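Heads up: the sequence lines are chains H and B, in that order.
All residue numbers for the first sequence refer to my numbering, where the first residue is 1 and numbers rise by one.
All residue numbers for the second sequence refer to my numbering, where the first residue is 1 and numbers rise by one.
Keep in mind the hints are simulated off the structure, nothing from the lab.
Keep in mind it's a predicted model, so treat the numbers as computed, not measured.
A virtual CB, placed ideally from N, CA and C, is assigned to each residue, including glycine.
Watch out, some of these pointers could steer you wrong.
Said to hold, decoys possible - Ranges between beta-carbon positions, derived for each pair:
id: 1; chain 1: B; residue 1: Arg-50; chain 2: H; residue 2: Thr-51; range: 37 to 43 Å
id: 2; chain 1: B; residue 1: Met-54; chain 2: H; residue 2: Arg-14; range: 25 to 31 Å
id: 3; chain 1: H; residue 1: Arg-138; chain 2: B; residue 2: Pro-43; range: 21 to 27 Å
id: 4; chain 1: H; residue 1: Leu-85; chain 2: B; residue 2: Lys-2; range: 24 to 30 Å
id: 5; chain 1: B; residue 1: Pro-55; chain 2: H; residue 2: Val-30; range: 46 to 52 Å
id: 6; chain 1: B; residue 1: Ile-56; chain 2: H; residue 2: Tyr-119; range: 48 to 54 Å
id: 7; chain 1: H; residue 1: Arg-14; chain 2: B; residue 2: Gly-36; range: 25 to 31 Å
id: 8; chain 1: B; residue 1: Gly-63; chain 2: H; residue 2: Ala-125; range: 34 to 40 Å
id: 9; chain 1: B; residue 1: Lys-2; chain 2: H; residue 2: Val-107; range: 51 to 57 Å
id: 10; chain 1: H; residue 1: Phe-38; chain 2: B; residue 2: Lys-2; range: 55 to 61 Å
id: 11; chain 1: H; residue 1: Leu-43; chain 2: B; residue 2: Asn-35; range: 51 to 57 Å
id: 12; chain 1: H; residue 1: Val-30; chain 2: B; residue 2: Lys-2; range: 28 to 34 Å
To be verified - Straight-line Cα separation of at most 20 Å, DMTMM-like style, residue types lysine to aspartate or glutamate; simulated pairs:
id: 13; chain 1: B; residue 1: Lys-47; chain 2: H; residue 2: Glu-78
id: 14; chain 1: B; residue 1: Lys-6; chain 2: B; residue 2: Glu-24
id: 15; chain 1: B; residue 1: Lys-37; chain 2: H; residue 2: Glu-116
Residue strings, one per chain:
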Amino acid sequence: MENKNINAGNWTSRTNKTVHHLAIWTGGWVLTMALATFGPQFLWVDNQFLTITAIVLNLAIGLGMILANIRHLKVLDEMMQKIQLEAMGLALGLGVVGGLSYSLLDVTNIISSDAEISYLVILIALTYITAVFINHKRYQ
Amino acid sequence: MKNRLKVLRAERDWTQADLAQALEVSRQTVNAIENGKYDPSLPLAFKISRLFGMPIEEIFEDGEGS
Numbered sequence: 001m002e003n004k005n006i007n008a009g010n011w012t013s014r015t016n017k018t019v020h021h022l023a024i025w026t027g028g029w030v031l032t033m034a035l036a037t038f039g040p041q042f043l044w045v046d047n048q049f050l051t052i053t054a055i056v057l058n059l060a061i062g063l064g065m066i067l068a069n070i071r072h073l074k075v076l077d078e079m080m081q082k083i084q085l086e087a088m089g090l091a092l093g094l095g096v097v098g099g100l101s102y103s104l105l106d107v108t109n110i111i112s113s114d115a116e117i118s119y120l121v122i123l124i125a126l127t128y129i130t131a132v133f134i135n136h137k138r139y140q
Numbered sequence: 001m002k003n004r005l006k007v008l009r010a011e012r013d014w015t016q017a018d019l020a021q022a023l024e025v026s027r028q029t030v031n032a033i034e035n036g037k038y039d040p041s042l043p044l045a046f047k048i049s050r051l052f053g054m055p056i057e058e059i060f061e062d063g064e065g066s
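Make the full structure from the sequences, and use the hints.
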């Protein structure tokens, strides 16, 4: 093992660190999303200042989560970056195409209910998770 | 692309995790390269070459050549 790069251990700890940071930011974003959603119903009623504060906080932490994700992606190795890129590209493409088709169904009154953005988020998330899983299997 | 990574690693009694750490990639990436499922970029191929102290062409074999 004498030929090995002396900085080798840094990469693993750097990767673990970015995963840890991303998990913290994601957890914070989910919590503030819950706060902004349920706060006006259960914690404070008719207090617009607190509602706006919760939404701004959620937005700020969401931006932090995006930056943490970018930092995490930059630390990944080239194959993992490729897997992520393909999965994100597919999720984005399907999200745009599927989302607009879904919106058209609503606008043209083919479906009786209103188009909900949550369905789009679920579609993007499931597409991304499935694509990452399939890509990992493909390179095994 | 075929390669001799698995043999070279075994000769040195390294695990995939050892090699992955030395190359600063994941163990899955080492596994994919060894199995020919993923072709490394030129910088990574040079890194592998430096690690084993061998020219790239002695480690990787161009499947379309000869």
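> Does the hinted range 46 to 52 Å hold for Pro-55 (chain B) and Val-30 (chain H) at CB?
Replying inline: With a Cβ separation near 51 Å, Pro-55 (chain B) and Val-30 (chain H) satisfy 46 to 52 Å, so the hint holds.
>> Tell me if the beta carbons of Arg-50 (chain B) and Thr-51 (chain H) are separated by a distance inside 37 to 43 Å.
In response: Given range 37 to 43 Å: violated, Cβ gap about 58 Å.
> Could one say that the CB atoms of Val-30 (chain H) and Lys-2 (chain B) fall in the range 28 to 34 Å?
Replying inline: violated, 46 Å
>> Taking the Cβ atom of Lys-2 (chain B) and the Cβ atom of Val-107 (chain H), is their distance within the range 51 to 57 Å?
In response: Holds - the Cβ-Cβ distance for Lys-2 (chain B) and Val-107 (chain H), about 54 Å, lies within 51 to 57 Å.
> Is it true that the CA of Lys-37 (chain B) sits at most 20 Å from the CA of Glu-116 (chain H)?
Replying inline: violated, 40 Å
> Does the Cβ distance between Leu-43 (chain H) and Asn-35 (chain B) fall inside 51 to 57 Å?
Replying inline: The hint (51 to 57 Å, Cβ to Cβ) holds, given that Leu-43 (chain H) and Asn-35 (chain B) are roughly 54 Å apart.
> Is the gap between the beta carbons of Met-54 (chain B) and Arg-14 (chain H) within 25 to 31 Å?
Replying inline: holds, 28 Å
> If you check the beta carbons of Phe-38 (chain H) and Lys-2 (chain B), does the distance land in 55 to 61 Å?
Replying inline: Holds: the Cβ-Cβ distance is about 57 Å, inside 55 to 61 Å.
>> Verify the CB-CB distance for Arg-14 (chain H) and Gly-36 (chain B) against the hinted window 25 to 31 Å.
In response: holds, 28 Å
> If you check the beta carbons of Arg-138 (chain H) and Pro-43 (chain B), does the distance land in 21 to 27 Å?
Replying inline: holds, 23 Å
>> Against the 20 Å threshold, does the CA-CA distance of Lys-6 (chain B) and Glu-24 (chain B) hold or violate the hint?
In response: Cα-Cα ~17 Å, so holds.
> Taking the CB of Gly-63 (chain B) and the CB of Ala-125 (chain H), does the distance hold inside 34 to 40 Å?
Replying inline: holds, 38 Å
When the structure is compared with the earlier hints, violations turn up for hints 1, 12 and 15 and for no others.
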